[in-house]
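S.K.: These protein sequence lines map, in sequence, to chains A and B. Here the first sequence stands for residues 0 to 455, where the numbers follow numbering that gives the first Met the number 0. Here the second sequence stands for residues 0 to 475, where the numbers follow numbering that gives the first Met the number 0.
The set of hints was computed from the structure by calculation and includes no laboratory data. Errors might be hidden in some of the hints.
[As the list claims (entries may be wrong)] Derived PhoX-like pairs: lysine-lysine, alpha-carbon spacing no greater than 20 Å straight-line:
#	chain 1	residue 1	chain 2	residue 2
1	A	365	B	387
2	A	8	A	365
3	B	383	A	93
4	A	310	A	290
5	B	112	A	8
6	B	387	B	325
7	A	310	A	365
8	A	8	B	105
[As the list claims (entries may be wrong)] Derived CB-CB ranges, DEER-like:
#	chain 1	residue 1	chain 2	residue 2	range
9	A	107	B	211	53 to 61 Å
10	A	107	B	401	45 to 53 Å
11	B	35	A	210	48 to 56 Å
12	A	295	B	455	52 to 60 Å
13	A	73	B	436	50 to 58 Å
14	A	291	B	378	40 to 48 Å
15	B	75	A	195	36 to 44 Å
16	A	399	B	310	42 to 50 Å
17	B	455	A	8	39 to 47 Å
18	B	378	A	166	51 to 59 Å
19	B	135	A	166	31 to 39 Å
Here a beta-carbon is modelled for each residue, glycine too, at the ideal position from N, C-alpha and C.
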Amino acid sequence: MTEVVPSTKACAVNPLKVSPALGGAMAFLGVDGSLPLFHGSQGCTAFALVLMVRHFHEAIPLQTTAMSELTTILGGADNVEAAIGNIRERNQPKLIGILSTALTETRGEDIGAELKAMRERHPEWHDLDLVYASTPDYGGSLEEGWGASVKAMIETLVPEERGPRTLRQVNVLAGSHLTPADAEEIREIIESFGLSPLILPDLAGSLDGHVPDHHIPTSLGGTPPAAIRELGRSAVTFAMGEHMRPAAEALTRRTGVPFRLFDHVTGLAASDAFIAALMEVSGTPAPERVKRERSRLIDAMLDGHFFFEGKHIAIAAESDLLLAVAALLAAMGAHVGAAVIPCPSPAAARVPAARVLVGDLGDLEKAAHGCDLVIANSHARELAERLGLPLFRLGFPVFDRLGGPQRVSVGYRGTRCLIFDLANLLLDHAAGAHAAVGGNAHELLEEEHHAQAQAG
Amino acid sequence: MLKDKLAKVFNEPGCSHNQEKSEKERKRGCSAKSLTPGAAAGGCAFDGAKIALQPITDAAHLVHGPIACEGNSWDSRNSASSGPTLYRTGFTTDLGELDIIHGGEKKLYRAIKEIVHERHPPAVFVYVTCVTALIGDDVEAVCRAASERLGTPVIPVNAPGFAGSKNLGNKLAGEALLDHVIGTLEPETTTPFDINVLGEYNVAGELWQVQPLFARLGIRILAPITGDARYHQVAAAHRARVNMVVCSQALVSLARQMQERWEIPYFEGSFYGIADTSMSLRTLARLLISRGAPADLLERTEALIAEEEARAFAALAPYRERLAGKRVLLYTGGVKSWSVVSALHEIGMVIVGTSVRKSTDEDKERIRELMGEDAPMVDQIPAKQMYKMLSDGEADILMSGGRTQFVALKTKTPWLDINQERHHAYAGYDGMIELVRRIDGELNNPVWPEIRRPAPWDAAFGSAGEAEPVAAEMHA
Ligand code: SF4
Numbered sequence: 000m001t002e003v004v005p006s007t008k009a010c011a012v013n014p015l016k017v018s019p020a021l022g023g024a025m026a027f028l029g030v031d032g033s034l035p036l037f038h039g040s041q042g043c044t045a046f047a048l049v050l051m052v053r054h055f056h057e058a059i060p061l062q063t064t065a066m067s068e069l070t071t072i073l074g075g076a077d078n079v080e081a082a083i084g085n086i087r088e089r090n091q092p093k094l095i096g097i098l099s100t101a102l103t104e105t106r107g108e109d110i111g112a113e114l115k116a117m118r119e120r121h122p123e124w125h126d127l128d129l130v131y132a133s134t135p136d137y138g139g140s141l142e143e144g145w146g147a148s149v150k151a152m153i154e155t156l157v158p159e160e161r162g163p164r165t166l167r168q169v170n171v172l173a174g175s176h177l178t179p180a181d182a183e184e185i186r187e188i189i190e191s192f193g194l195s196p197l198i199l200p201d202l203a204g205s206l207d208g209h210v211p212d213h214h215i216p217t218s219l220g221g222t223p224p225a226a227i228r229e230l231g232r233s234a235v236t237f238a239m240g241e242h243m244r245p246a247a248e249a250l251t252r253r254t255g256v257p258f259r260l261f262d263h264v265t266g267l268a269a270s271d272a273f274i275a276a277l278m279e280v281s282g283t284p285a286p287e288r289v290k291r292e293r294s295r296l297i298d299a300m301l302d303g304h305f306f307f308e309g310k311h312i313a314i315a316a317e318s319d320l321l322l323a324v325a326a327l328l329a330a331m332g333a334h335v336g337a338a339v340i341p342c343p344s345p346a347a348a349r350v351p352a353a354r355v356l357v358g359d360l361g362d363l364e365k366a367a368h369g370c371d372l373v374i375a376n377s378h379a380r381e382l383a384e385r386l387g388l389p390l391f392r393l394g395f396p397v398f399d400r401l402g403g404p405q406r407v408s409v410g411y412r413g414t415r416c417l418i419f420d421l422a423n424l425l426l427d428h429a430a431g432a433h434a435a436v437g438g439n440a441h442e443l444l445e446e447e448h449h450a451q452a453q454a455g
Numbered sequence: 000m001l002k003d004k005l006a007k008v009f010n011e012p013g014c015s016h017n018q019e020k021s022e023k024e025r026k027r028g029c030s031a032k033s034l035t036p037g038a039a040a041g042g043c044a045f046d047g048a049k050i051a052l053q054p055i056t057d058a059a060h061l062v063h064g065p066i067a068c069e070g071n072s073w074d075s076r077n078s079a080s081s082g083p084t085l086y087r088t089g090f091t092t093d094l095g096e097l098d099i100i101h102g103g104e105k106k107l108y109r110a111i112k113e114i115v116h117e118r119h120p121p122a123v124f125v126y127v128t129c130v131t132a133l134i135g136d137d138v139e140a141v142c143r144a145a146s147e148r149l150g151t152p153v154i155p156v157n158a159p160g161f162a163g164s165k166n167l168g169n170k171l172a173g174e175a176l177l178d179h180v181i182g183t184l185e186p187e188t189t190t191p192f193d194i195n196v197l198g199e200y201n202v203a204g205e206l207w208q209v210q211p212l213f214a215r216l217g218i219r220i221l222a223p224i225t226g227d228a229r230y231h232q233v234a235a236a237h238r239a240r241v242n243m244v245v246c247s248q249a250l251v252s253l254a255r256q257m258q259e260r261w262e263i264p265y266f267e268g269s270f271y272g273i274a275d276t277s278m279s280l281r282t283l284a285r286l287l288i289s290r291g292a293p294a295d296l297l298e299r300t301e302a303l304i305a306e307e308e309a310r311a312f313a314a315l316a317p318y319r320e321r322l323a324g325k326r327v328l329l330y331t332g333g334v335k336s337w338s339v340v341s342a343l344h345e346i347g348m349v350i351v352g353t354s355v356r357k358s359t360d361e362d363k364e365r366i367r368e369l370m371g372e373d374a375p376m377v378d379q380i381p382a383k384q385m386y387k388m389l390s391d392g393e394a395d396i397l398m399s400g401g402r403t404q405f406v407a408l409k410t411k412t413p414w415l416d417i418n419q420e421r422h423h424a425y426a427g428y429d430g431m432i433e434l435v436r437r438i439d440g441e442l443n444n445p446v447w448p449e450i451r452r453p454a455p456w457d458a459a460f461g462s463a464g465e466a467e468p469v470a471a472e473m474h475a
């Protein structure tokens, strides 16, 4: 049984947590032609924007209702209305995702209700979708904000009806632990079964680092708002990550589309479960290509497990991401030596570790003594150095490496990539690793000689 | 309390920006002008205060508020330290919903206590943020109590984000230093060559580029305020002979009040560009002499300037040929525009536009002096328009902060970072050489012609004669 240890400190040291509004904004960036809007004071927006720019190396459209002390006290609906008007004029988005912050939530406003009245005052907004998500800073971290936003998109845009379903269409509610490249990989896997996936949100369309040939003042792609309305027509919903459960439940409530929750689709067992589900939904056997990928993953696990065996690994990450990596490590024979998540989550109880701390990178630093490897975001680079341990950068933000968003770690192929990357890092830092590998090769040659000599 | 502070800051006589405003405009304050909902960008006052004070490297900086303020921003600046690293640790009370309902004062006190017991810093700075200001936490009282009980100075920084812009936050940071820090300690020794440098945050180590120049003249930086600073240096800053204000808008009111209280004369100078660096050194020498330094300081300074300028110009000569006539779009926060303009002029680059979003009229006047009456000063350029300018080839390179970098890169236009997230230092004579070397490297990087090549499926492909048709061979 995993023990989840809550934090008792008054002071967070080197936060692992980011603001849920940031997570919410990121989710909205996975919708085509959208522009997230923070309802709060402008600094919050600037910080979130800069952090996402540093992670994705892309322009990030993000706006603010620019609340001042006075407008906060008087109530911010006017600012929301003005902001929508201005954004609509300047950026012509298809959708604006409005995210509350601690400031506006502390004041206590019902923007959701006010939006209705605003719409009535502005018939010219008819071509614009407005989604309001409550994402106060004290309500979690990246995953919570992301989950709340996806749920809000569903509750705002998906019609409440049980209409005819398209049996070859499946929904994927993608969690924030999936990179843009992961979303792409999931799309390809599903398509290889002859199914057409509706992925929400789909960062692969918007934040995969393509260079469009004209200026786009909103997100550069992603799930089309029209497709979100179609979610109720699918055969099934695959929810990826515990933090997508509320969104999936909301969708089922509204449309009757059943859902299946996958904590993650990293690792052999998890990927098998996903493929089995696809076989079941599509009624087709797995394509040859998928079968071959599985076989290659198994080979990678055979080759790689030597390097994981007995290693102690310290991980700090958002809960669902941590669960995905920890499960893989455990399957490869490594121990989760320390596990830190930013906020309590039901997923924590399923982490294969004795204890999971709810805390920060300060806690990780204390708990990671004696481990062989640290897995965390870029903020952990200095603590890893202090501990003399290699750091595998994972999660958000990764700002001191290129290509983080393009890393694939889902499905057979992605798991294989992840195993190689982790094993190589462990190899690099294992004492005498080169000698071991070299020695091994030497032995192999000797054996060969021996065999040849005997045969000759 | 904050209101009084704000009124005082807005009435700052040392701030030319404010003095040019009408009485009514001034009352509205620094932030009121450009905050359009849905079309605003930039940091908050808290951000500005943190930028100004965090380079006190041995102190703990504790952010009192919910997670957004510190969780999204810590570990994002390149203000370098020659020693202590405590300033790089992100501390926040990370308030939860219950803390907000019941008030965050107790948690704040406990957080300060935890920091003092575990880290033993010489001081703790506590930053008020929007939510803690709104719920009315009495941060000053908590800091006072903590200072007394824990025996460590705990300094409240009352600059909640919604009070205004980053710039206002810089000023409020100066007020915090004045109210609680400067003058609370005596330096171990003083010399006639002691100065403070205000508003230079040692981003990417820029302070270190000019420190050797000072060292050669025997000038000592008593307190950098606050690049690579130690708490006790700042606390003893009132014994300096001269204050040099580097970022004029940020800390000029601090300089003026230090003049009032301790009779320290100040001047505004810059270390960007050769001419400005020389001018700053000269002014510094004169002021130090007026306050009792030996008169030969000026001669020694002139000799140093002559030597350094000759060296710098010699180093720049080869670049001048490659860069003269190249067109730059300069899009900074505006604060440093004129000094960078003068720097680029020194190597003959053409400035097709320079943003003056946050520049004072004085800054603008300086730009006009350098570039003539038709100096292409622009306010804010919307991203769409900038994209068009760059894709139409109106500039050869964009120099800006990180926010606009992708506008340039997506049009396949060279880009150079000159804002505070940058990793390269451009101050002093060596900094100027570095800046020009990097402009040259970026402009002439072979990647540009490479990525502008047409794709295989474009009509223009192969017209350069590189790709021979293979079909004929294949069919032969
Ligand atoms: S605007 Fe206020 S709440 Fe937002 S980051 Fe700045 S201080 Fe924090």
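S.K.: Now tell me, hint by hint, if it's right for this structure.
M.R.: Going down the list of hints, with the structure as the test:
As the CA atoms of residue 365/A and residue 387/B are separated by approximately 51 Å, the hinted pair breaks the 20 Å bound. This hinted pair checks out: residue 8/A and residue 365/A have alpha carbons roughly 14 Å apart, not beyond 20 Å. Taken as a hint, the residue 383/B and residue 93/A pair is honoured in the structure, with Cα atoms around 17 Å apart against an allowance of 20 Å. Taken as a hint, the residue 310/A and residue 290/A pair is broken in the structure, with Cα atoms around 30 Å apart against an allowance of 20 Å.
Pair hint residue 112/B plus residue 8/A holds up; C-alpha atoms about 11 Å apart against a cutoff of 20 Å. For the hint pairing residue 387/B with residue 325/B, the CA-to-CA distance comes to about 19 Å; that is within 20 Å, so the pair holds. Among the hinted pairs, residue 310/A with residue 365/A is consistent with the structure: their alpha-carbon atoms are about 18 Å apart, no more than 20 Å. With a C-alpha separation of about 12 Å, the suggested pairing of residue 8/A with residue 105/B holds against the 20 Å cut-off.
Judged by the Cβ atoms, the range 53 to 61 Å given for residue 107/A and residue 211/B holds: they are separated by roughly 56 Å. Hint check: residue 107/A to residue 401/B, Cβ distance near 35 Å, so the stated range 45 to 53 Å is violated. Taking 48 to 56 Å as the suggested C-beta distance range, the pair residue 35/B and residue 210/A does not conform, at roughly 30 Å. The hinted window of 52 to 60 Å between residue 295/A and residue 455/B is violated, with their beta carbons roughly 31 Å apart.
Between residue 73/A and residue 436/B the Cβ separation comes to about 53 Å, which falls inside the hinted range of 50 to 58 Å. Checked against the hint of 40 to 48 Å, the C-beta distance between residue 291/A and residue 378/B comes to roughly 59 Å, which is inconsistent with it. Hint check: residue 75/B to residue 195/A, Cβ distance near 41 Å, so the stated range 36 to 44 Å holds. The beta-carbon spacing between residue 399/A and residue 310/B, approximately 35 Å, falls outside the hinted interval of 42 to 50 Å.
Taking the beta carbon of each, residue 455/B and residue 8/A are about 58 Å apart, not inside 39 to 47 Å as hinted. Look at residue 378/B against residue 166/A: about 57 Å separates their beta carbons, and that is inside 51 to 59 Å. Distance hint for residue 135/B and residue 166/A: a CB-CB separation of about 58 Å, inconsistent with the stated range 31 to 39 Å.
In this structure, the hints that do not hold are numbers 1, 4, 10, 11, 12, 14, 16, 17 and 19, in rising order.
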